[in-house]
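Chemist: Fit chain U to the supplied structure of chain B, relying on the hints for placement.
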Amino acid sequence: MGRRVLVTGLGTFWGGRVAQALEREPEVEVIVGLDREEPSVELERTEYVRSDENYSILSRIVKATKVDTIVHTFLVVDSTSMSSRTMHEINVIGTMNLFAAASAPGSTVRNVVVKSSTLVYGSSKEDPTWFSEEAPRSSPAHTPVERSLLAVEGYVRDFAEDNPHVNVTLLRYSNVLGPDIVTSASKALELPLVPSLFGFDPRLQFVHEDDVIRSMMFVLDNEVPGIYNVAGDGLLPWSEVAKICGKRTAPLPPIGMGIATAPLRRIGVELPPELLALLKYGRGVDNRRFKRAGFQYQYTSAGTVKAFVEALRLRRTVGDKPAYHYERDVEQFFRHSPAVVRDVDA
Amino acid sequence: MPPSERKTQVKTTTRALVPVPRTTPEPEPLADPRESDVDEWGRSEHMREIARRLFDPMYRRWFRAEWEGLEKIPTDGGALLVSNHAAAIPSDAPVIMHGIETELGRPVYGLAEYIFRDMPVVGTMWSRVGGVTAQPDNAYRLLREQKQLVLVFPEGTKGTSKSYNERYHLRRFGRGGFVEIAMRAGVPIVPIAVMGAEESMPILFKLPGLAKALGMPYVPITANMVAFGPLLGSVLYFPAKFKLKVLDPISFDVAPNQPRYSRSKVMDESEAIREKIQEALYEMLRERRSVWFG
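Chains as they are written, first to last, in our numbering: chain B, 1 to 346; chain U, 1 to 294.
Next up, chain B with everything else stripped away, as it sits in the complex:
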């Protein structure tokens, strides 16, 4: 029997991408995708289930589909994308219910991959230059997104402890950039002048969106339980990031930040507190453990920024890719109608 995979957050950027990558794997037999929202990318054979983070629905799905693998990508790391209340529901309550469902008696789950973030390390003046996976935070978490991710990691740890027969891999991703993903950092880098904090030029690390997907597929193929930082090689000063993008920085005053960032917010570029902390202190994470496990990156931090800006230039010239709209009836027809001739080998 092939692999049966449950992907949470199918409607998000990552969930959709992971499902697409899973569809290319012949040994993956079933892909079930959960989300509150419809998928935003085109999918061949993934079964989409509209569901919230309600426990009874999750446990029914886990039981009914007999999934052996859960890819938990439904973790919000961009606090500007929704209210902190919704974020708490999705991150904390969603994860709690998902793992409660997965640890129910008779559960068939054997592999779990969780997409966390290096936000869990925070960003403060007492930080080491490089955080290893064991390094504790230097200061308590202040922002809602960091607090919710710490709670999520707590549930993951409990689940791993209670279920030693399950391979649990927790991946902590650094700042993601790439041709398609939109984050508050990518929005800041798209501006004609890149905002920075006056007098500060911290060092940051980046990981390419393709490496993110490749890393999740690597974990599914190789079963490497544990916690891993995922980030490209090298730390870049923010001024150099702007330079690679062919831009200058526009320093924001250290006081009166609210007034200074108001015009940016107007045009849809919000600088959340965790990004401001990053623009002051930076953050580096040690990526060697994941490399020792056998993963090979395709981009360094600088290479990631370059790939991002090259895609940006291309998009400026040729325009956006046509957007995909999920049509429930069409998708159901292709998956389940007897009229469709399905290739049995695929």
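There may be inaccurate statements among the hints.
Unchecked claim - Label pairs and their in silico Cβ distance ranges:
#, chain 1, residue 1, chain 2, residue 2, range
1, B, Ala262, U, Pro256, 27 to 37 Å
2, U, Arg167, B, Arg85, 51 to 61 Å
3, B, Ala135, U, Gly105, 31 to 41 Å
4, U, Leu204, B, Ala262, 38 to 48 Å
5, B, Glu223, U, Pro256, 43 to 53 Å
6, U, Arg64, B, Ala135, 25 to 35 Å
7, B, Ser83, U, Ala213, 31 to 41 Å
8, U, Pro29, B, Glu310, 15 to 25 Å
9, B, Pro164, U, Gln258, 22 to 32 Å
10, B, Gly154, U, Arg53, 44 to 54 Å
Hints were generated in silico from the structure; no laboratory data involved. Even glycine gets a Cβ: it sits at the ideal position worked out from N, Cα and C.
Modeler: Coordinates of chain U only, in the frame set by chain B:
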């Protein structure tokens, strides 16, 4: 065999119970389109070069720095340089870093308090010329993995904030963390006694209320401010003659990479190093005829 089955079989080999060493070929180095020479610690050789050019007249003409026992500093491999610390704006750090870089051609990373990371401009500049946040993991990585020279002042701001009448009385050497790091990294400690920094910017008295309001460790009124006025005096050093004496390196007969070391041993070693530097300073002061001419 259908392709799907073949693929599954290939995969099972990597799921052996005993980890099989991977036979994947060495990957090609990735393209790394860097635009600056700022390293992972924030140090830039280009900025360092500018700093050296600016500081060289200060080092040679103003302080007329003179070294003794420079050959005791290892020319390769990691070593932790430990020195006494003085002056309202410490002049010993740039003199030691500049001296070793120009005389031995080796970069020196200076460990400094967290507070620098909260200072706009100053913190960034300090980082570009080789300043690193004093954090055990940073020191370990620099010493053990990158085999660099790292400079630390165990007295910290307790050393620089002391007033003129306490000059050359070494403060407590922290909690001995520097000894523990050297043990963990398996590198020798090279003590350096610095004479002259105390007189380059002596503190007459401090303003604790203002320091608290500004969030600074101390706000001093220096003799330089009295002599040169409040503006020039807060940046211009007195031309005290600098003498630096490198003492014999100390190696520890303990295994590196231990999770922890005996507290008593750490404190004994820390005390011993403090006393050695203190003794060397008394020796040098006995021989000193003039603050300005040595």
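Chemist: Against each hint, give a clear statement of whether it holds in the structure.
Modeler: Cross-check of the supplied hints:
1. Between Ala262(B) and Pro256(U) the beta carbon distance is about 53 Å. The supplied range of 27 to 37 Å is therefore violated.
2. Checked against the given bound of 51 to 61 Å, the beta carbons of Arg167(U) and Arg85(B), roughly 59 Å apart, stay inside it.
3. Separated by about 33 Å at the C-beta atoms, Ala135(B) and Gly105(U) satisfy the suggested range of 31 to 41 Å.
4. Look at Leu204(U) against Ala262(B): about 46 Å separates their beta carbons, and that is inside 38 to 48 Å.
5. Judged by the Cβ atoms, the range 43 to 53 Å given for Glu223(B) and Pro256(U) is violated: they are separated by roughly 33 Å.
6. Between Arg64(U) and Ala135(B) the CB atoms are about 44 Å apart, so this pair departs from the stated range of 25 to 35 Å.
7. Ser83(B) and Ala213(U) have their C-beta atoms about 37 Å apart, which keeps the hinted 31 to 41 Å range intact.
8. Distance hint check for Pro29(U) and Glu310(B): the Cβ-Cβ separation is about 20 Å, which falls inside the suggested range of 15 to 25 Å.
9. At roughly 29 Å, the beta carbons of Pro164(B) and Gln258(U) sit within the given window of 22 to 32 Å.
10. In this structure, Gly154(B) and Arg53(U) meet the distance hint of 44 to 54 Å, their C-beta atoms being roughly 53 Å apart.
Going through the hint list in order, the structure does not satisfy hints 1, 5, 6.
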